[in-house]
Amino acid sequence: MILRSSPYDNQPTSINRVMQAVIYSLIPGTLVMIHFFGWGVAINLAIAITTAVISEALILKIRKRPLKPFLMDGSAILTGILLALAIPTLSPWWLVFLGTAFAIIIGKQLYGGLGYNPFNPAMVGYVMLLIAFPQEMTAWINPLDHSLTVKDFFNYSFFSELPANRTYDEITMATVLDTVKTNLNLNSTLHEIRSGNEALFGGLAGKGWEWINIMFLIGGFILLFIRVITWHIPVAFLGSLFFISAFFNGVDSDFYATPLFHLFSGGAMLAAFFIATDPVTAATTNKGKIYYGIGIGALTYIIRTWGGYPDGVAFAVLIMNMAVPTIDYYTQPRVFGQENK
Amino acid sequence: MKPRLWHFHGGLKLEGHKAMSMHEAVVQADIPRRLVLPLQQHIGEPAEPIVEIGDSVLKNQVIAQASDYVSVPVHAPTSGTVISIEDHPVPHPSGMSAACIIIETDGKDIAIETNTTPVDYKNLEASALRNLIREAGIVGLGGAGFPSFIKLNPGPDARVETLILNGAECEPYITCDAMLMQDSPRKIIDGLLIMRHALNIDKCIIAIEDNKKAAHTMLVNALREDETSFINVIQIPTLYPAGGEKQIIKVVTGKEVPSHGLPIDVGVVCHNVGTAAAVADAILNRQPLIERYITVTGDAVKQPRNLRVRFGTSVESLLKQCEGYDVQQCIMGGPMMGFELTSQSIPVIKTTNCLLTSRKKYHAPTSMPCIRCGECAKACPAQLLPQQLYWYARAKDFDKIQDYNLFDCIECGCCAYVCPSHIPLVQYYRFAKTEIWAMERDKQKSDIARERHEFRLYRMERKKVEDEERKRRKKALLKAAAGDKTTEDDKKKAAIEAALARVKAKREQQNSQAKNVNEEELTEAQKKAIAEVEERRIKAREKQQIKIEENKEESGSS
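Those protein sequence lines, which keep their order, are chains Z and F.
Note that this note's numbering gives residue 316 to position 316 of the first sequence, counting from 1, and the numbers run on in steps of one.
Note that this note's numbering gives residue 504 to position 504 of the second sequence, counting from 1, and the numbers run on in steps of one.
Certain hints may be false.
What the hints assert, rightly or not - Simulated restraints, written as ranges between beta carbons of each label pair: (1) F:HIS260 x Z:ILE23: 40 to 46 Å; (2) F:HIS7 x Z:ASN16: 31 to 37 Å; (3) Z:ILE23 x F:GLN28: 54 to 60 Å; (4) Z:TRP39 x F:THR434: 22 to 28 Å.
As the list claims (entries may be wrong) - Within a straight-line C-alpha distance of at most 20 Å, the following computed SDA-like cross-link-like pairs (lysine to any residue) qualify: (5) Z:LYS61 x F:LYS255; (6) F:LYS13 x Z:PRO12; (7) F:LYS360 x Z:LYS68; (8) F:LYS255 x Z:PRO12; (9) F:LYS378 x Z:LYS68; (10) F:LYS378 x Z:ARG227; (11) Z:LYS287 x F:HIS9; (12) Z:LYS68 x F:THR366.
Unchecked claim - Covered by chain F, according to a simulated footprint, are these stretches of chain Z (three or more residues, beta-carbon under 8 Å): (13) 113-120; (14) 172-182.
For the record, the hints were derived by calculation from the structure and aren't laboratory data.
Positions of the beta carbon are idealized from the N, C-alpha and C atoms, including for glycine.
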């Protein structure tokens with residue numbers, strides 16, 4: 001007879017529910033993304049989710065692990081979704097496939113699967129693609145160009161066929177972050193960049209991008225409200241990004257973008273609420289989460305401003321993932337009945 | 001006036017399920033044919049039986065006596081015959097067996113004749129009072145079962161300021177304390193007064209979770225006018241585990257019992273309300289502890305209720321009385337900290353507060369890997385990091401796990417309850433604790449063995465050195481003799497002469513110092529006689545000396 005130790009009751013939560021909540025909270029941002037960047041988002045999502053589930057199943061099978069509980073937990077699907085949202089919408093299928101397979105197999109399963117991966121799998125896949133295929137990974141379509149149909153995206157993804165009379169270079173363009181960076185390197189001031197690329201800029205940051213970020217922010221509030229995540233990481237991340245950019249913007253507003261531009265550009269909000277908060281790879285103590293978030297915010301700013309890539313979120317997350325064990329060790333909370341350290 | 005209350009970290013709001021067992025009035029449970037009384041119903045050393053098989057015993061008679069300081073006696077709960085003293089399954093999470101006295105009851109329930117006049121405790125020394133409480137076999141009835149008289153003995157250096165009676169009863173389903181507070185509020189207060197006297201303090205608090213309004217009202221109404229100035233009956237928020245000793249002290253006083261410390265370190269002594277009632281019985285009614293309120297509840301009994309049960313009554317007998325049916329699982333204690341019983345023949349003991357039955361065995365959902373979500377850390381009332389403890393328990397990294405304060409874990413089960421991966425976390429911590437204790441025992445053993453071994457090596461070394469020294473001396477002696485180029489006889493002669501010389505020297509020494517007193521006062525004849533005796537003695541000694549010397553020589557050269 002197997003004796004189970006107390007307690008003999010449990011809360012009806014499960015990993016599955018946690019992952020589901022995260023996935024549902026991504027819906028507003030995803031819909032707005034489809035609005036600005038077309039149905040390619042949906043195609044990428046479909047490819048990524050399929051690849052993620054198949055890769056996960058394959059490795060589980062090889063590792064002789066039960067398939068059902070691990071496929072049903074939703075973690076592989078979530079990794080696929082997060083990666084798909086980070087890949088340009090007009091992309092060949094193999095780009096999404098390769099990134100997702102790499103994320104699940106190398107980034108997650110080879111470390112032992114759910115709960116054992118030190119690095120955020122979606123970011124591992126993303127960074128691999130960014131380094132290996134920089135051109136494909138930085139070309140987004142114009143957010144105001146709504147002319148591409150589902151069929152167009154489908155044909156490009158699977159057959160590399162573009163609509164008649166249109167070229168790849170004409171359809172795609174650099175993102176706002178990319179444009180700003182490139183032109184700053186050419187010694188243009190922010191004012192000049194802005195007036196030279198009026199079509200790219202919205203009220204806060206890049207056109208389209210600002211709305212996507214706002215919707216991910218709303219999704220993040222939902223996660224906070226239903227207590228799937230705590231405030232520590234998003235607040236620390238966005239706070240440090242805000243204050244650092246505010247400082248440099250205050251020093252020289254010609255060459256350093258505004259805090260709002262940083263907060264609502266690129267993957268800032270998606271990372272703050274959905275990627276950096278991945279519990280497996282984030283710091284686990286409350287104090288640690290704050291240091292972890294501050295680190296990501298600071299590194300994101302450093303890479304965006306002085307690094308070689310337009311956006312630094314993915315690198316920042318991976319670098320801070322490495323620091324997690326140390327952060328956790330030195331930020332243990334005061335135990336009941338112990339003196340304040 | 002509403003007293004100020006404090007919070008402890010974490011905790012859970014749990015469904016109480018308390019009403020179901022509170023509809024029926026408490027009645028005496030049937031006394032079964034056989035009572036099984038474990039010798040250990042408390043923390044500490046088991047009691048020693050002082051009856052033999054075949055002895056007739058009467059109700060309240062001591063059948064086993066305290067064997068050590070941390071021990072209390074066991075009394076016969078009813079009259080009957082001792083039919084066996086043997087190992088029997090006892091209440092324990094492992095389902096183990098331990099020594100029990102088994103009494104066949106005679107149904108007459110005749111009590112032993114004793115002095116029944118109430119003790120005038122107000123004119124009694126604290127130590128005498130403690131002794132009476134000990135002799136009544138009283139242990140903490142809240143669950144742990146620590147001998148109560150020890151907790152009433154804070155020691156000469158301790159400064160106790162507050163006595164807290166714990167009526168929180170925070171675990172779901174359990175209602176025995178609530179019923180007791182409703183039925184016998186005055187008895188609890190009387191017990192409190194006795195404890196207060198033993199501790200020689202003023203301020204007392206009775207703390208009750210605010211889901212037990214009736215109990216609170218009854219206790220408040222039972223207070224006498226003059227007692228309200230020093231006894232405060234307060235309600236605390238219902239939040240599991242508010243009834244944990246450290247938690248209730250924090251809530252009521254704002255003080256934190258130090259990690260690895262005792263309540264006494266913050267000037268608090270904490271007892272369960274049931275214990276207070278037992279103390280009142282022992283001092284005012286001269287009634288030792290032989291029964292208690294026990295909740296029998298859950299969905300596998302038709303009549304969930306509280307019963308007054310004699311210790312040693314089998315679980316089976318209680319379930320029968322409450323019309324148990326299809327009992328697939330029976331937990332002793334509550335759902336959060338209780339343990340599943342392996343057999344219904346297990347008796348109830350002093351620390352049994354509840355039998356929780358179920359028609360469905362609890363099957364935890366399959367465990368998934370830890371995703372470090374931190375829900376457990378949010379819930380942990382000890383402010384630990386259960387996710388890290390789990391990690392190190394799995395890795396059997398017992399040094400690291402102690403860095404993370406494993407031994408501050410109170411095993412309340414909050415972490416496992418909220419875990420979305422359904423990991424039996426408490427089980428891991430119990431495992432780690434057991435392993436560490438075993439390692440410490442092994443280490444102690446091996447330390448002793450090592451010390452012994454080292455001493456043996458030292459002894460052998462010393463012997464070697466001594467032997468060599470002896471040999472060396474002998475050699476030197478031989479060499480010296482050989483240097484004279486004399487024969488064996490000469491050698492012997494030389495040795496004899498040397499011995500003689502030594503004796504002479506000694507004698508002279510003796511003569512010079514140790515003479516008898518007042519030689520001047522002796523007559524000439526006396527002096528002469530003494531001299532003669534002396535001479536004879538010396539001669540005899542000389543002879544002896546020579547003989548010894550010769551023997552030595554012989555054995556040495558052979």
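Here is how each hint holds up against the structure:
Between HIS260 of chain F and ILE23 of chain Z the beta carbons are some 45 Å apart, a value that agrees with the proposed interval 40 to 46 Å. The beta-carbon spacing between HIS7 of chain F and ASN16 of chain Z, approximately 32 Å, falls within the hinted interval of 31 to 37 Å. Distance hint for ILE23 of chain Z and GLN28 of chain F: a CB-CB separation of about 59 Å, consistent with the stated range 54 to 60 Å. Checked against the hint of 22 to 28 Å, the pair TRP39 of chain Z and THR434 of chain F fails, with Cβ atoms roughly 59 Å apart.
At roughly 54 Å between alpha-carbon atoms, LYS61 of chain Z and LYS255 of chain F are farther apart than 20 Å, so this suggested pair is violated. Restraint check for LYS13 of chain F and PRO12 of chain Z: the C-alpha separation of about 14 Å stays at or below 20 Å, so the hint holds. A threshold of 20 Å between alpha carbons decides the hint, and for LYS360 of chain F with LYS68 of chain Z the separation of about 25 Å lies outside it, so the pair is violated. The hinted pair formed by LYS255 of chain F and PRO12 of chain Z fails the criterion: a straight-line CA distance of about 34 Å is larger than 20 Å.
Of the pairs offered as hints, the one joining LYS378 of chain F and LYS68 of chain Z is violated, with about 29 Å between alpha carbons and a cut-off of 20 Å exceeded. Restraint check for LYS378 of chain F and ARG227 of chain Z: satisfied, since their Cα atoms lie roughly 11 Å apart, inside the 20 Å limit. Restraint check for LYS287 of chain Z and HIS9 of chain F: satisfied, since their Cα atoms lie roughly 16 Å apart, inside the 20 Å limit. Straight-line distance between C-alpha atoms of LYS68 of chain Z and THR366 of chain F comes to about 11 Å, which keeps the hinted pair within the 20 Å bound.
Counting residues of the segment 113-120 of chain Z whose C-beta lies closer than 8 Å to any C-beta of chain F gives 4; at least three are required, and the coverage claim holds. Using a Cβ-Cβ cut-off of 8 Å, 0 residues of the segment 172-182 of chain Z lie near chain F, which falls short of the minimum of three, so the contact claim is violated.
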